[in-house]
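Chains as they are written, first to last, in the numbering used here: chain B, 28 to 190; chain E, 18 to 295.
What the hints contain is simulated information worked out from the structure, not anything from laboratory work.
Mimicking DSSO-like on lysine-lysine, the simulated pairs with C-alpha atoms at most 27 Å apart in a straight line are:
1) E/Lys-108 to B/Lys-62
2) B/Lys-82 to B/Lys-96
3) B/Lys-59 to E/Lys-108
4) E/Lys-108 to B/Lys-67
5) B/Lys-67 to B/Lys-82
Not close to chain B: a few residues of chain E, all C-beta gaps over 10 Å, as computed:
6) Met-18
7) Gly-24
8) Ile-26
9) Leu-35
10) Gln-158
11) Val-160
12) Val-167
13) Ile-200
14) Arg-201
15) Val-203
16) Ile-214
17) Tyr-237
18) Val-248
19) His-256
20) Leu-267
Model, not experiment: these values are computed from the prediction. Every residue, glycine too, gets a C-beta built ideally from N, C-alpha and C.
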Amino acid sequence: MPWPLNIDPQQILLHWMNLAILTGGLYFLLYKPVKEFMAKREEHYRELDRQAADKLAQADQMKSEYQAKLDGAGEEIRQARAKAQQVAQQSAQEQLDQAEAQAKQIVAHARVEAERVREESLRDSQQELRRLAEEATRRLALRQDPFDQFLDLAEGGKRNESR
Amino acid sequence: MKQHKTGLIVWVGAVLLLLAGALLAGPRERAETVQEAMRDAVLHNVNQVGLFGKAVNPGLISALIVTAVLLAAAALIRIFAIPRFQYQPGKLQLLLEEAVGLFDRMARDNSPHRFRFVGAYIFAAGAYIFVGTLFELLGIQAVTVHGHPVTLPAPLSDVNAAIALGTLSYLVILSGGIAANGIRGVGKTLKEFSLPISMSFRLFGALLSGLLVTELVYYYVNLSFVLPVVVGVLFTLLHALIQTYVLTMLTALYFGEVSEPSPKKEKKASGGKKPELP
Chain B
28 MPWPLNIDPQ QILLHWMNLA ILTGGLYFLL YKPVKEFMAK REEHYRELDR
78 QAADKLAQAD QMKSEYQAKL DGAGEEIRQA RAKAQQVAQQ SAQEQLDQAE
128 AQAKQIVAHA RVEAERVREE SLRDSQQELR RLAEEATRRL ALRQDPFDQF
178 LDLAEGGKRN ESR
Chain E
18 MKQHKTGLIV WVGAVLLLLA GALLAGPRER AETVQEAMRD AVLHNVNQVG
68 LFGKAVNPGL ISALIVTAVL LAAAALIRIF AIPRFQYQPG KLQLLLEEAV
118 GLFDRMARDN SPHRFRFVGA YIFAAGAYIF VGTLFELLGI QAVTVHGHPV
168 TLPAPLSDVN AAIALGTLSY LVILSGGIAA NGIRGVGKTL KEFSLPISMS
218 FRLFGALLSG LLVTELVYYY VNLSFVLPVV VGVLFTLLHA LIQTYVLTML
268 TALYFGEVSE PSPKKEKKAS GGKKPELP
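Chain E extracted, bound-state conformation (with noise of 0.2 Å):
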């Protein structure tokens, strides 16, 4: 009970001292004010990384970064955990397995007709989503071709990255469309000709939203206690959450309508045609 006592005293002691020297310290010299970390957190425009020779967003960097980790972790998972899989499975595999079937079950709920290829590319896309949405957690650093450091943001918080995703989820809708209706399901899915924009800018908006109010609190040192807890962990798990579902879950059943197959048009029994006789 007395070592509880001590070590409570020294935690609240430790939290204290950091409190205090962090207030103390004052803010450093900035490279940029809070207006132009804002702007730029939407734009990119200015704090752009070198990939190969020309300047990119950081989003891309990201999106890269996340790609590789995730194909690397389905190497690595498919090398040495697949092969080990067992009808009774253990915490890895069931895993795997409930989040390979939640989005097989999606698939299948929204687009009865045509599920396997929606169903995969929903799978990549909510972990890319996910993924990509926790990567800014991370806070990994990059160096801008100013020779500025940079924290890498999520990779959906460009809107290159989001239009990306909103008009390839498009493009699947219409392959689904194409596959099961020819010219009539491009119809049916040119007929939703605002899914690209609102899939698109409702990730950026998203991802926006949770990028500027991270900034906003770390520009701020004073803010950088206790807040970033709740508003870098738990926002960011929620809204990973939910952007995976939204978009998953918009593009398996956009899929779904579009590949739908149409009925068939009764014909009428047309009066003047004579009845063929046996």
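This is chain B alone, in the form it adopts within the complex (with noise of 0.2 Å):
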């Protein structure tokens, strides 16, 4: 008994096997090749696009840092300024005390000195003044001198003077 419509399950069979084939072939010569080809360029552009996120991500990180050294280098700054502050104050009152201790040493020593300048001034004094007193006295002693006659010239007049 015929199929009603014409309908033959041979040609049915020879169009599955047509079908078959064809979606084989196309997806073996078109469909794979082009699905690969978009798979390995949208890994493409994923890779890409990580190494934008990383080297972002890079930028940031040097960014926070240099940030925070820059941050770090204004309180350094503020430290090594009160530190050289702090060296230099400590530094003018070391001057000052070693100043102030070298004048007094000078002071000290010239006090010393004129001590001694002194001293020796009034030991070279005395010295003239018992040689001058020896000198006087040796020549008194050796013959009358004018010295003398004054001297007894002196005390006559004074008598006179008191008569």
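Using the hints, put the two chains back together into the complex; each one sits in its own frame.
Spelled out as structure tokens, the structure:
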């Protein structure tokens, strides 16, 4: 008994075979290679995106590091300035103390020297006086010199005045 | 401006001349009446073509030619175009990527759990329906077993081709159900028992209606002016797109439905079962 509408199972099977060949052929020749290429390109751009994101993250990290360093540098500068001021003050104080000590030393030395000069002058003048006295004594002892005469005269005049 | 006017007059004159000639020549002696032509367009039981010693419907010849053309084009593209693909695509590459991407996205969207196989299948089915429907525009002639010339129709205007594609799509859906859910998948697929019939006859009806209108138009020479541009080209293009979209979408949709993993039933806490001691 023929099928209605001229349906032919043999021809249906031939169409199936035809469709199976077409599906397999198009899959291997077109669908799969194009999809693989698209996946490869997608992976390429995803990799670029990942690299860009990594670089962005690195840049952000570097920025934060440099910002931290910058913030630290401000503090460091402040500390260094304070330390330099402290050192300068300490140095000035040391120089002041040193100058004061040196001044004291100079004054003490000057006093000692002055004392020494005074004593030496005293000693020299005493020695000179002694020498003069000795000379005068010696001269008096040896002869009547004009000085003795003068003294005699001086004594005689005093006597007349007293009268 | 004067040349344009002359060209226009020549063109209109040629058209009128051809129209007058066609009308005066009168209808040729026909081998069949319009009723017979329409009946044969549906049944294909008269104008059959020989294939390896067997008389087959011309739709099968069309299907084989369409497949050969598609595979040859795919092979040429594979050999010459795909190795030269660039990351910034040209026009052909863009067209191919869009075609593949369209069916791939359709498969992913409608069948998110299993989409590789159905994507490849609907790509092939879509290409077959689209190119096969446009094939009738070429008007390739074949010789019947009775020695008469016959224009090869769209493959899917043959009921056997429509049934083959509809049932094959159903088998693909069934395979998705089995792969994802085993016996339960078979049950889910068989639940849609009307699907192969609806798919087959939807395709057949759509393509056949186009074929009948085209047969009718071309049967009468008086209708062969201007009207074929709308009926033959625009309608064919339109229903090529529509039928491609409908069958591939339905296949992907039902494939996704039957291949969706069934939710596991939560075991009811049995009152009699003692909890295990550590």
